[in-house]
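Here the protein sequences line up with chains A and B, keeping their order. Per full-length UniProt numbering, the very first residue in the first sequence carries number 1; after that it's consecutive. Per full-length UniProt numbering, the very first residue in the second sequence carries number 1; after that it's consecutive.
Because the hints were derived from the structure by calculation, they are not lab data. C-beta atoms are modelled at their ideal positions from N, C-alpha and C, and glycine is treated no differently. Some clues are possibly wrong.
[Claimed, not checked] Restraint-style ranges between C-beta atoms, simulated for each label pair:
hint : chain 1 : residue 1 : chain 2 : residue 2 : range
1    : A       : GLU173    : B       : PRO324    : 37 to 45 angstroms
2    : B       : GLU32     : A       : GLY197    : 33 to 41 angstroms
3    : B       : GLU32     : A       : SER35     : 27 to 35 angstroms
4    : A       : GLN44     : B       : GLU32     : 23 to 31 angstroms
5    : A       : GLN440    : B       : LYS407    : 46 to 54 angstroms
6    : B       : GLY424    : A       : GLU173    : 42 to 50 angstroms
7    : B       : ASP194    : A       : PRO266    : 43 to 51 angstroms
8    : A       : SER35     : B       : SER347    : 49 to 57 angstroms
9    : B       : ARG257    : A       : ASP194    : 43 to 51 angstroms
10   : A       : ASN186    : B       : LYS283    : 26 to 34 angstroms
[As the list claims (entries may be wrong)] Mimicking DSS-like on lysine-lysine, the simulated pairs with C-alpha atoms at most 27 angstroms apart in a straight line are:
hint : chain 1 : residue 1 : chain 2 : residue 2
11   : A       : LYS41     : B       : LYS40
12   : A       : LYS40     : B       : LYS93
13   : B       : LYS41     : A       : LYS179
14   : A       : LYS201    : B       : LYS135
Number of protein chains: 2
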Amino acid sequence: MKEQYLMLTAFFFNPQGDNRMSWRYPSAAGKEIYSLDYYKKLAQAAEGACLDAIFLADHVGIWDSYPSNITHYANSRLEPITLLSALSAVTSKIGLLSTISASFSEPYNLARALASLDHLSNGRSGWNVVTSGMKEEAMNYGRDETIEHANRYQRAEEYIRLAKSLWDSWEDEALVMDKASGIFANKDLVHHVDHNGDFFKVRGPLNVPRPVQGHPIIIQAGGSEDGRNLAAKHADLNFALLRSIKEGILYREDFDRRLAKFGREPSSLKILPGILPIVTDSKDELAEKQALLENLVPEQVGIDLVSSWVGMDLSGYPLDGPIPELPEETNFNGQRTNLVKIKQYKSEGLTLKEVARIVSSAGSAPTVGGNAKEIADQLEEWFKVRAADGFALMFPTIPEDWMRFMKEVMPELQRRGLVRKEYGPGTLRDRLNLPRPVNQFAAK
Amino acid sequence: MKEQYLMLTAFFFNPQGDNRMSWRYPSAAGKEIYSLDYYKKLAQAAEGACLDAIFLADHVGIWDSYPSNITHYANSRLEPITLLSALSAVTSKIGLLSTISASFSEPYNLARALASLDHLSNGRSGWNVVTSGMKEEAMNYGRDETIEHANRYQRAEEYIRLAKSLWDSWEDEALVMDKASGIFANKDLVHHVDHNGDFFKVRGPLNVPRPVQGHPIIIQAGGSEDGRNLAAKHADLNFALLRSIKEGILYREDFDRRLAKFGREPSSLKILPGILPIVTDSKDELAEKQALLENLVPEQVGIDLVSSWVGMDLSGYPLDGPIPELPEETNFNGQRTNLVKIKQYKSEGLTLKEVARIVSSAGSAPTVGGNAKEIADQLEEWFKVRAADGFALMFPTIPEDWMRFMKEVMPELQRRGLVRKEYGPGTLRDRLNLPRPVNQFAAK
Ligand SMILES: Cc1cc2nc3c(=O)[nH]c(=O)nc-3n(C[C@H](O)[C@H](O)[C@H](O)COP(=O)(O)O)c2cc1C
Ligand SMILES: Cc1cc2nc3c(=O)[nH]c(=O)nc-3n(C[C@H](O)[C@H](O)[C@H](O)COP(=O)(O)O)c2cc1C
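One chain only, chain A, in its complex shape (with noise of 0.2 angstroms):
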């Protein structure tokens, strides 16, 4: 059996880092978030340390809803599919996962974008699979409202079926391209997809050959019952917000149950929890950058963010009282994850104030800081109890964090063996151990 290594994908929330305001940090990059240069050197350090992937989030619209943002705090970045196309050009190992949303575009397109990028890639692209669920990004798309959380999920798994028919429309030995005969392609191994679902009615074949991994590399990262079915039906990784290693047992033992009910191998799904890495010299200076950090975040900013993720606006109550009644998870359209988290806080009887701390400046990952050992020690431990397979590393700031995590903790980490020291050939597929997905053409 091959090694099996701690997986690590370096995760860009904002260009300048997980923390909301990180554009605002001494350090941040400034308009140069928006321009090719800034992500190729990060992109490079990363490779340059033999990182397994690099990652993009996305939304799809400018949240505007409350009275920060834009003024302090606005998502606006470059969309990732042209970006990671552009990083295939100036990397040849890492690999490149892309949120896309499932809600809000052509089966046919997507699909097309993300083989294309297969190809160009040599095989080291990757899909995160999100249903979009903010109001400001369904009136992007002819909507007045979010569409109904399960019904987002129907789609969602309606479209992967799809994306994956269109990837194997084209068999691997379609392609002759045989000059003396003139034939270009053996029509039997080209076959129309016929899909006639629920949401989507396409034909294909799709107009480019096989991606060269069979399927780009699937990731899910909704912890509700829907995001979950819907990672062990299709994903190869899972991205999970867990706060203990005890967090991390368990929610490993759900995901092999439900990968059985599908008749998936454990081994078929990793799951790598977000943390927030911060190397440092020593605690004084941990402790000053997270002060430094906190310090970066308008008070508005943190009630803001705590009203998007509770679905109601929450800036005309008092900060230092209780959060008030919230929604019911059961009929909630938006993240329902994230509504869950702020209920887990009221119940530990927060404040608003408090609440509003927390989540806009460490989110809801646990924060791994210290010195490279201690960083290693810690990412080891999650490791050996089968707590996590890898990591997203949601670095605070970047290119700080970004750039001190490729320079001393994963030499460290190569030390102990626990990740590669150099890529070796074949996909990033192979580089996982996930198998090339079988053809479901040829299998017939």
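Following the hints, put chain B with the ligands in place on chain A, whose structure we already have.
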């Protein structure tokens, strides 16, 4: 006034050239047409010769309605936005023009991807707006039939208007990013577009700042009445298929009249006829190459191509007989320019076989063959009498014709002062003397 150069853009109809069966040409590339390296070398050679732009054709489906499709010819290709994004990382000055359908995608997604490409490339993006006239395309997007011709163009017109609003939704000065005050953006300069039209409803703003060029270059290549009006209203460039200088002069006059109706200067729209450049040392070599090219094309491919242009299967008709009765142009739902061309050949008394040969080997653009001096003479003549502002170079074979043109013809054109010797600073728009669009929100 700035010097006006002849604008040249190198066209990929197929990855290996404009000839339908160019993949079969002795020096044609094999499966590497699905990898970045192939395009990188070609783009860099073009950039080394100071060409204005490269330009990708595109369709959103595989043609498979006729017997020779797929077997001898499949229009599979990398997706253009991903490919151009990758190329943006390995070039720095050459323009990156992509054909993208306005019939089968969400305006928010496309406006955003193009804005992002414009940032990644530092102001070098352009969009050739097509409306997708093939049934095989419509069937990949929930339809059984092509959208009706007039309707396609109305939709495209609204689509472009909407994309322009989205590009304007962040004014040039909107980004503040002042770390001290914590002000990220000036909210007053970020706008909803609140578009509510016949085809689309989109709130905005876009989640990418305004493109470096203000708007990417808009290109239009439809020759019908509706197509020309769309170009006169919105486009910076028009690609045309014109068979002679005389046709070019009339076409220009026609456009100047249309532009005047929309209050636009003649200089605000450049017309670029397509030509098939073949650089050879001698007349014999040219004749030999043309014969070789013709022989690459199986007869059935030619017939099927004519069938697809006129929207009826001509397979059953005698090869040496006349073209049968063809559909009326007024209600024709396919590409009307193509239908009209075939009608013209029919009226000239050509047989089905002859028309199939012309269409399949030479398309409907004129061949411009000879040595560097002879080719430069021809281009200069079109340009001097204002029959063309430049050319879309539809090389019959790539890399052969492409590379010879860059190496031999470009220096000759440079010697004559017809094209630039170095790019100089600025965006693609700057180099083409096209004004940066005024922001419609700023103007208010
Ligand atoms: C690590 C991580 C990254 C995520 N990235 C995105 C993102 O980039 N865009 C997005 O719309 N949602 C993102 N999500 C949200 C999830 O897709 C999902 O909507 C959310 O976790 C709520 O789950 P639910 O929809 O199953 O209720 C992310 C979630 C996690 C845990
Ligand atoms: C040089 C040139 C390149 C073109 N490239 C494409 C293309 O890549 N994809 C496409 O669907 N149509 C392409 N077209 C077709 C035009 O967009 C248009 O549909 C066609 O010329 C018929 O015109 P009409 O639609 O106005 O009747 C091209 C046309 C020309 C002249």
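Each hint, compared with the structure:
1. A hinted range of 37 to 45 angstroms holds for the C-beta pair GLU173 (chain A) and PRO324 (chain B), which are about 39 angstroms apart.
2. Range check, GLU32 (chain B) to GLY197 (chain A): Cβ separation about 36 angstroms, and the 33 to 41 angstroms hint holds.
3. Checked against the hint of 27 to 35 angstroms, the pair GLU32 (chain B) and SER35 (chain A) passes, with Cβ atoms roughly 29 angstroms apart.
4. For the pair GLN44 (chain A) and GLU32 (chain B), the beta carbons lie near 24 angstroms from each other, so the given range of 23 to 31 angstroms is met.
5. One distance hint, 46 to 54 angstroms for the beta-carbon pair GLN440 (chain A) and LYS407 (chain B), holds here, with the actual separation near 47 angstroms.
6. Taking 42 to 50 angstroms as the suggested C-beta distance range, the pair GLY424 (chain B) and GLU173 (chain A) conforms, at roughly 49 angstroms.
7. At roughly 50 angstroms, the beta-carbon separation of ASP194 (chain B) and PRO266 (chain A) lies within the given 43 to 51 angstroms, and the hint holds.
8. For SER35 (chain A) and SER347 (chain B), the hinted distance range of 49 to 57 angstroms is satisfied, since their beta carbons lie about 54 angstroms from each other.
9. At about 48 angstroms, the CB distance of ARG257 (chain B) to ASP194 (chain A) agrees with the hint of 43 to 51 angstroms.
10. For ASN186 (chain A) and LYS283 (chain B), the hinted distance range of 26 to 34 angstroms is not satisfied, since their beta carbons lie about 40 angstroms from each other.
11. For a cut-off of 27 angstroms, the pair hint linking LYS41 (chain A) to LYS40 (chain B) stands: about 20 angstroms separates their Cα positions.
12. For the suggested pair LYS40 (chain A) and LYS93 (chain B), the alpha carbons sit about 18 angstroms apart, so the restraint of at most 27 angstroms is met.
13. Of the supplied pair hints, the one linking LYS41 (chain B) and LYS179 (chain A) holds, its CA atoms being roughly 23 angstroms apart against a limit of 27 angstroms.
14. For the hint linking LYS201 (chain A) to LYS135 (chain B), the alpha-carbon distance of about 14 angstroms falls within 27 angstroms, and the restraint holds.
Hint 10 from the list above is the single one not met by this structure.
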